[in-house]
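Protein chains in written order, with our numbering: chain A, 34 to 575; chain B, 825 to 1157; chain C, 4 to 218.
Rather than coming from a laboratory, the hints here were simulated on the basis of the structure.
Note that the coordinates shown come from a computational prediction; the quantities given were computed from them, not determined experimentally.
Virtual Cβ for every residue (Gly too), placed ideally from N, Cα, C.
The reader is advised that the hints may include incorrect statements.
What the hints assert, rightly or not - Here are the in silico distance ranges between beta carbons for each label pair:
#, chain 1, residue 1, chain 2, residue 2, range
1, B, Thr1113, A, Leu101, 20 to 28 Å
2, B, Ala849, C, Val161, 47 to 55 Å
3, B, Val858, A, Gly172, 37 to 45 Å
4, B, Gly997, A, Val327, 30 to 38 Å
5, A, Trp59, C, Phe17, 24 to 32 Å
Claimed, not checked - Using 20 Å as the maximum straight-line C-alpha spacing, the simulated EDC-like pairs for lysine to aspartate or glutamate come out as follows:
#, chain 1, residue 1, chain 2, residue 2
6, A, Lys143, C, Glu62
7, B, Lys885, A, Glu563
8, C, Lys116, C, Glu191
9, B, Lys911, B, Glu996
10, B, Lys885, A, Glu571
11, B, Lys958, B, Glu996
12, A, Lys143, A, Glu571
13, A, Lys143, A, Glu572
14, A, Lys143, A, Asp52
15, B, Lys885, A, Glu572
16, A, Lys143, A, Glu556
17, A, Lys544, A, Glu572
18, B, Lys885, A, Glu552
19, C, Lys96, C, Glu22
20, A, Lys143, C, Glu191
21, A, Lys544, A, Glu571
22, B, Lys1045, B, Glu996
23, B, Lys958, B, Glu876
Unchecked claim - Non-contacting residues of chain C with respect to chain B, defined by C-beta distances greater than 10 Å in every case (computed):
#, residue
24, Leu52
25, Tyr53
26, Pro54
27, Gln55
28, Pro140
29, His142
30, Gln144
31, Leu157
32, Val172
33, Leu176
34, Arg179
35, Arg181
36, Leu213
Letter by letter, the chains look like this.
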Amino acid sequence: MTQPEWIAEPQSPPSYLNDGYGWRSWFLTTDHKRIALLYLLSITGFFFLGGFFAMMIRLELLTPQPDLLQSDTYNRFFTMHGVIMVWFFLIPSIPTVLGNFLVPLMVGAKDLAFPRLNLLSWYLFMIGGIVAFSAIVIGGVDTGWTFYTPYSTTYSNSHVLWMALGIFIAGFSSIITGLNFIITIHTMRAPGLTWFRLPLFLWSTYSTSLILVLATPVLAITLVLMGLERAFGIGIFDPALGGDPLLFQHLFWFYSHPAVYIMILPGLGVESELISTFSRRNVFGYRYVAMASVAIAVFSFLVWGHHLFVAGQSVYIALAFSFLSYLIAIPSAIKIFNWMATLYGGSISFETPMLYALFFIGLFTIGGLTGLFLAALGIDVHVTDTYFVVAHFHYIMVGGMVVAYLGGMHFWWPKISGRMYPERFGQVSAFLIFIGFNLTFFPQFILGYLGMPRRYHTYAEGFQTLNVMSTAGASILAVGYVLPLFYLGWSFFRGPLAPANPWGATGLEWKTASPPPTENFEETPVVTEETYRFPVREEMLV
Amino acid sequence: MTSGLDLLPQAASANAQIVDQLYLAFVIASVVIVAAIFLLILVFVVRFRRREGNLVARRVKESTLIEIAWSGIPLLILMGAFVWGAKIYFDEAVPPADSTEIYVVGKQWMWKLQHPEGNREINELHVPAGRPVKLVMTSEDVIHSFFIPAFRIKQDVLPGRYTQLWFQASTEGRFPLLCAEFCGTNHSRMHGWVYAMAPAEYQRWLSGGETGETMSEAGQKVFQRLACATCHARDGPPLQGLYRRRVPLSDGSVVLADDAYIRRSIVDPASQIVQGYQPIMPTFSGNATEEEILQLIAYIRSLKNLPPGSLPANTPGGEQSPNDDTGPERKQQ
Amino acid sequence: MSSNVYPAAHFRSFDQQHEASELGMWGFLCTEILFFGGVLCGYTMYRLLYPQAWVHGSELNSLWLGAAMTVVLLASSLTMALAVRAAQLGQSKAIVVFLAATIALGVVFLALKGFEYYGHWVHHLVPGFNFSGYQAPDHPQVALFVVFYFFLTLLHAVHMIIGVGVLSVIAILAHRNRFSAIDHGPVEIAGLYWHFVDIVWLFLFPLLYLVGAHQ
């Protein structure tokens, strides 16, 4: 088969990208790298769909009165923003794109343990995504992404069942991906690659996968129960029939709080790789950072009740959950301190991925500290269900995860595409995102404490100034997000060819060609030393 | 209410000031931490930037001690913060015994409020300033959340159960009342006002009510309409003095006859059968609204001062009206 | 078809392939535990709230039918274990025989289950459709129990049907001599799955049939 000229230089060596061009070679591939690209295209689509809803929300909130959207439309838009972003972008983002691409490369294997299941997971994700998308097309859902009963089961006139079905199907894709990663990291490591030689990205992917495998089934079953209740009125969550709507909240958050860590843990892993590479230093306190990921995964299952401090649960249970929620801050703090210590004594350069990494530390710190406000019972009663919560979780989800995702995309882009992206464009968009993000979400902390509840279509006049700031920030943010779409897209076909290891990074993925051949390595690599072995000079530091 | 650049909302209760203190302590601590981290990062990236003479990183000695220090010290600080926040939460959860009680029913998309004296309001809540006020709340449909930013309090309002909330306004004035849990189309318009008034003025407002009928009197009418006395004045469990008594159930357990118990006995009688009685009472969940159930509870509470046997028979109109017209639970005042 | 000489292309050895597939099945079973766990959590909460209704609800089920299904399933676990043993010894014929027995017992179980559902249907004991078969003041709470009964047993039955399907495929492969003493991973992991589904039933039986049996 001859290569079309636009795909690769005629003389380019065989790689996974030029190993077949027909539609079958993509849609029936079991190559983890091609599946990663399929995921990349899918979740990029969902990201901009969710982003469209976000932009409409922000535009509507420019003024206190309703003007752009009707209340019912507004309620549907913020729900679909949440559903799409959580289940069809944030949860799959780093695991399915970077994880799929990198896990086998980083362990020195030819593929994931179950390549066909991996392809199945993409199909399930797409079926779930199409069902969810069709729910949007036929009119959408207005329950909020949390689907609280009895609103979702009895009172909502929107397409709850259809949307829940989409999420249910996509959930199985998560479970399969998580299982695949766990088994691959357990059984497919290259000779010599011991657990404490694993890159920290793998530790965080492993921890994330534990949550995916153990929490997602609870969501699945909860959605089924909710759907049955809505379809047949059987009473599980209906107080009129002896049921309890709080049970739904407990089951839902038993999944969804761990899910929050699905949405940040992979970002923490990417962060460690970036900080280390661009400081040319080994990660300070490697074992503590690795164990912190596992600790976060374990603790994530013990804090769900902090979403219910004003929901009507017992005071003593609230106390226990508040205590545990403080504890989970410690592993996050350990990571931040160790990253800073990694900078110390390094040789630091400021390519785009490093800019994202530095912004990440700042935004994740603010997100984490404001999380402590919410763990504090006395403050939470006032700020829960307000914009304070909205600001907090966007600092973690967007300031944390999306920033880490973009940092990781730029970092591994040469490996994925075999091309370099234009550095200057990358830096500009990183700064735009940092500025736009803070302008969008920082005012929301103040709005929340002032008492503006979330999910409000209309609001008091006094809140307008801060809302206008937020909308202004969102438009800067939007530009920052659209830019990479263009220059990364351009560089995929036209960018300068990338060397095998453009950043001087450690890690097995840099020891093979860019882009890697289909079988990843010419021969199975043998690992003989710790990861992050950069050259060091023995020079005393004050 | 607030101008665009205020950083704190109006504080109109002692609790609001206590919460603000904790909040400000958190803000100051966070600003210090964020400033320290940003500054250190800035110093590090400038000092250790890659340049001639710094192309290779230096060896930095790792130490277990520093790892323990920077996880242990924050942990201790956080434990302090935990105790502080928990103390506030506990105080918010326990209403003083002499609280004025007001009953709240949330419904898409309005707040319906009843005072024991019989005054009923929608989306407006008149309360005496300087006195503790306890709200007993339920919902007719979905979950709502009763939120008064000026008092820094919030509590979800659920169908099928009672939740409570208390506050004590420290200043007179008008404060926004909001719904904080998404409840459907007009969620953002489910707002009203709390009017905190001088106690004397509040008494005047109470006496200006349109019906002149207290909650327990209204409850008595519901009691007659549903013909409750058919059983409860004869073979059924007597209701006199029932309120806040301990009731032995047929499964051997003993429960406190509080609002929640009485509500459940009305809508779901089979779930808690009083010892020595047959489970023959049908459910009244479709026959009485949440407001009427609250009135029934007020009526049953008023029965505690009556001598046994004086429960009105099921003759319409009844023979005797309860004389406790100041409403239940106000004995301490 | 005859047995494979080499492991799948991305594995370095049969050992690695077996380790991966077995660990994969254990991981999947962890997922399954959480899957049932969510429902059992709700079951437990309501049982604590409505102990009497749970007794009344479980009395609607036939203890003898439940016991018979339990015996059938336990027997199927034995034949499954024997099939795995035969696979380890490389006796393809024995694998087919024991798998056929397992499948037959599984089908008997499902038939009994279907018969029981039919009974609930004709006696109007299906909440959400017709629950007029039970008339007492604690009607709604008993209906809640029956909802959990149906949900848990249906979820279990779906797993049984999947199990029967999987075992059928493996029996066909075994008949074609696909497995050998060194390469019989699929038989083992299908066995793990089958035993898991049986164990789930060992929890469901007392939770759904024996609630009031001690009284």
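A quick look at each hint next to the structure:
1. Distance hint check: the CB atoms of threonine 1113 (chain B) and leucine 101 (chain A) are about 37 Å apart, inconsistent with the given range 20 to 28 Å.
2. Taken as a hint, the range 47 to 55 Å holds for the pair alanine 849 (chain B) and valine 161 (chain C), whose Cβ atoms sit roughly 54 Å apart.
3. The hint said 37 to 45 Å for the Cβ distance between valine 858 (chain B) and glycine 172 (chain A), and at roughly 43 Å that hint holds.
4. For the pair glycine 997 (chain B) and valine 327 (chain A), the supplied restraint of 30 to 38 Å is violated, since their beta-carbon distance comes to about 52 Å.
5. In this structure the supplied range 24 to 32 Å holds for tryptophan 59 (chain A) paired with phenylalanine 17 (chain C), their Cβ-Cβ distance being about 31 Å.
6. As the CA atoms of lysine 143 (chain A) and glutamate 62 (chain C) are separated by approximately 57 Å, the hinted pair breaks the 20 Å bound.
7. For a cut-off of 20 Å, the pair hint linking lysine 885 (chain B) to glutamate 563 (chain A) stands: about 16 Å separates their Cα positions.
8. At roughly 27 Å between alpha-carbon atoms, lysine 116 (chain C) and glutamate 191 (chain C) are farther apart than 20 Å, so this suggested pair is violated.
9. At roughly 26 Å between alpha-carbon atoms, lysine 911 (chain B) and glutamate 996 (chain B) are farther apart than 20 Å, so this suggested pair is violated.
10. Taking the CA atoms of lysine 885 (chain B) and glutamate 571 (chain A), the gap is near 11 Å; set against the 20 Å cutoff, the hint holds.
11. For the hint linking lysine 958 (chain B) to glutamate 996 (chain B), the alpha-carbon distance of about 17 Å falls within 20 Å, and the restraint holds.
12. About 38 Å separates the Cα atoms of lysine 143 (chain A) and glutamate 571 (chain A), which puts this hinted pair outside 20 Å; it is violated.
13. With a C-alpha separation of about 40 Å, the suggested pair lysine 143 (chain A) and glutamate 572 (chain A) falls outside the 20 Å cut-off, and the hint is violated.
14. Restraint check for lysine 143 (chain A) and aspartate 52 (chain A): the C-alpha separation of about 15 Å stays at or below 20 Å, so the hint holds.
15. Our distance criterion of 20 Å between C-alpha atoms is met by lysine 885 (chain B) and glutamate 572 (chain A), whose separation comes to about 11 Å.
16. Of the supplied pair hints, the one linking lysine 143 (chain A) and glutamate 556 (chain A) holds, its CA atoms being roughly 10 Å apart against a limit of 20 Å.
17. Taking the CA atoms of lysine 544 (chain A) and glutamate 572 (chain A), the gap is about 29 Å. The hint is violated against a cut of 20 Å.
18. With a C-alpha separation of about 39 Å, the suggested pair lysine 885 (chain B) and glutamate 552 (chain A) falls outside the 20 Å cut-off, and the hint is violated.
19. Distance check on the hinted pair: lysine 96 (chain C) and glutamate 22 (chain C) sit about 25 Å apart at the alpha-carbon level, beyond 20 Å; violated.
20. Distance hint between lysine 143 (chain A) and glutamate 191 (chain C) is unfulfilled; the C-alpha atoms sit about 25 Å from each other, more than 20 Å.
21. A threshold of 20 Å between alpha carbons decides the hint, and for lysine 544 (chain A) with glutamate 571 (chain A) the separation of about 26 Å lies outside it, so the pair is violated.
22. Taking the CA atoms of lysine 1045 (chain B) and glutamate 996 (chain B), the gap is near 35 Å; set against the 20 Å cutoff, the hint is violated.
23. For the given pair, lysine 958 (chain B) sits about 71 Å from glutamate 876 (chain B) by alpha-carbon distance, which is inconsistent with the 20 Å threshold.
24. Annotated as non-interface, leucine 52 (chain C) brings its C-beta within 10 Å of a C-beta of chain B; the closest such distance is 8 Å.
25. The beta carbon of tyrosine 53 (chain C) is not kept farther than 10 Å from every beta carbon of chain B, the shortest such distance being approximately 6 Å.
26. Some Cβ of chain B comes within 10 Å of the Cβ of proline 54 (chain C); the nearest lies about 6 Å off, and the non-interface call is violated.
27. Separation of glutamine 55 (chain C) from chain B is inadequate, the least Cβ-Cβ distance of about 6 Å not exceeding the 10 Å criterion.
28. The claim that proline 140 (chain C) is not at the interface with chain B is violated, since a C-beta of that chain comes within 10 Å of its own (minimum 3 Å).
29. Non-interface call for histidine 142 (chain C) relative to chain B: violated, since the shortest CB-CB distance, roughly 8 Å, does not exceed 10 Å.
30. For glutamine 144 (chain C), the shortest C-beta to C-beta distance to chain B comes to about 6 Å, within the 10 Å cut-off, and the non-interface label is violated.
31. Once the 10 Å rule is applied to beta carbons, leucine 157 (chain C) is consistent with being away from chain B; the minimum gap is 26 Å.
32. Every beta carbon of chain B lies more than 10 Å from that of valine 172 (chain C), the smallest distance being close to 47 Å; the non-interface claim holds.
33. The non-interface label for leucine 176 (chain C) is consistent with chain B: the shortest C-beta to C-beta separation is roughly 53 Å, beyond 10 Å.
34. No Cβ of chain B comes within 10 Å of the Cβ of arginine 179 (chain C); the nearest lies about 58 Å off, and the non-interface call holds.
35. Against chain B, the non-interface label of arginine 181 (chain C) holds: every CB pair exceeds 10 Å, the least being about 53 Å.
36. Leucine 213 (chain C), annotated as away from the interface, keeps every beta carbon of chain B farther than 10 Å; the closest lies near 19 Å.
The structure does not agree with the numbered hints 1, 4, 6, 8, 9, 12, 13, 17, 18, 19, 20, 21, 22, 23, 24, 25, 26, 27, 28, 29, 30 stated previously, though it agrees with the rest.
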